[in-house]
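Colleague: Sequence:
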Amino acid sequence: MQPWNEWKERCAVLRCSPETREALHTFGGQRYRTLAQRCLGMINVSNVDLVSPSDADAWHLLELHMALPEAINGKAYKEWLFARIEGSGDAPFDIVQGGATLLMRSVVREHLRREYLSATHVSANQPPPSLRPTDDKMEEWLPGTLDTAETVEAAELAALAAEHAAALFGDLPRRLRIALAARHLHIPLSSAGLLALVGCQRSALHTAFREFADRVSDYVHNHFPRDDRDTLRDLALALFERLSLLCADWAETDHGCRTVLPMQRPTRQTTGATP
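In this note's numbering, the protein residues as written are 111 to 385.
It is worth saying that the hints were derived from the structure and are not from the lab.
Predicted, not measured: the structure shown is a model, and the values here were computed from it.
It cannot be assumed that every hint is accurate.
What the hints assert, rightly or not - DMTMM-like mimics (lysine to aspartate or glutamate), calculated; alpha carbons at most 20 angstroms apart, straight line:
| no. | residue 1 | residue 2 |
| --- | --- | --- |
| 1 | K118 | D204 |
| 2 | K118 | E132 |
| 3 | K188 | D200 |
| 4 | K188 | D167 |
| 5 | K188 | D204 |
| 6 | K118 | E220 |
| 7 | K188 | E260 |
| 8 | K118 | E196 |
| 9 | K188 | E220 |
All chains, please: the whole structure from these sequences, using the hints.
Modeller: Put into structure tokens, the structure is as follows:
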């Protein structure tokens, strides 16, 4: 009983003698592990050693719990431990240690609940529950991040862009075809060789390029007036990219373009459309 009395008088285990600290730390560690073993069913860890702190840390959790501003029958936890002795026929040591064990049970449950996942949580890295042995992990059974609705919409936009690009391409003037091909090939419209090829100043080429982008947007809005703004924007971008791709294909067969535009084509990655 001496360690408990010294701890009561000095308020904290760190103020106690080494012998008392060792005795109380040992009590905390042993009680924690015993109670944690009984509570493993509430978390997704089956090895008590993985959830058990050191003896000193286990006692610290108990001491911290007793320092909380909660009460039992109007008494603080620490006072409650020793108040139970009065009027009891049992040995004081058993009464105090039994009460501390009851408090430790609450400490263990709360600590496990706060620090570990519930027993109902199953890791995606584990094999699925099955009667047949398998090396597959549960994450392989989970749905992917692919949005099928978005995929279908993108395919429809790409098809519409390809259809309308084919219809518009024939009416594009040579200068604009070269500008779109250069843009697709990542060649600046201010390139001296490109300006010489189209026979105009940089400002005129830039103006023609921007005006055509506006024309594509107006074309889409006029042909699909009932679609929402986001869909029209995506379709306009897809159509512009598709036309740029057609112009790049055309430039490969044009003798004049082959002298200025590179023979090495970039990877065909378009926005909202497929080649």
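Colleague: For each hint given before, does the structure comply? Return the numbers of the non-compliant ones in rising order.
Modeller: Of the numbered hints given earlier, those the structure breaks are 6, 7, listed in rising order.
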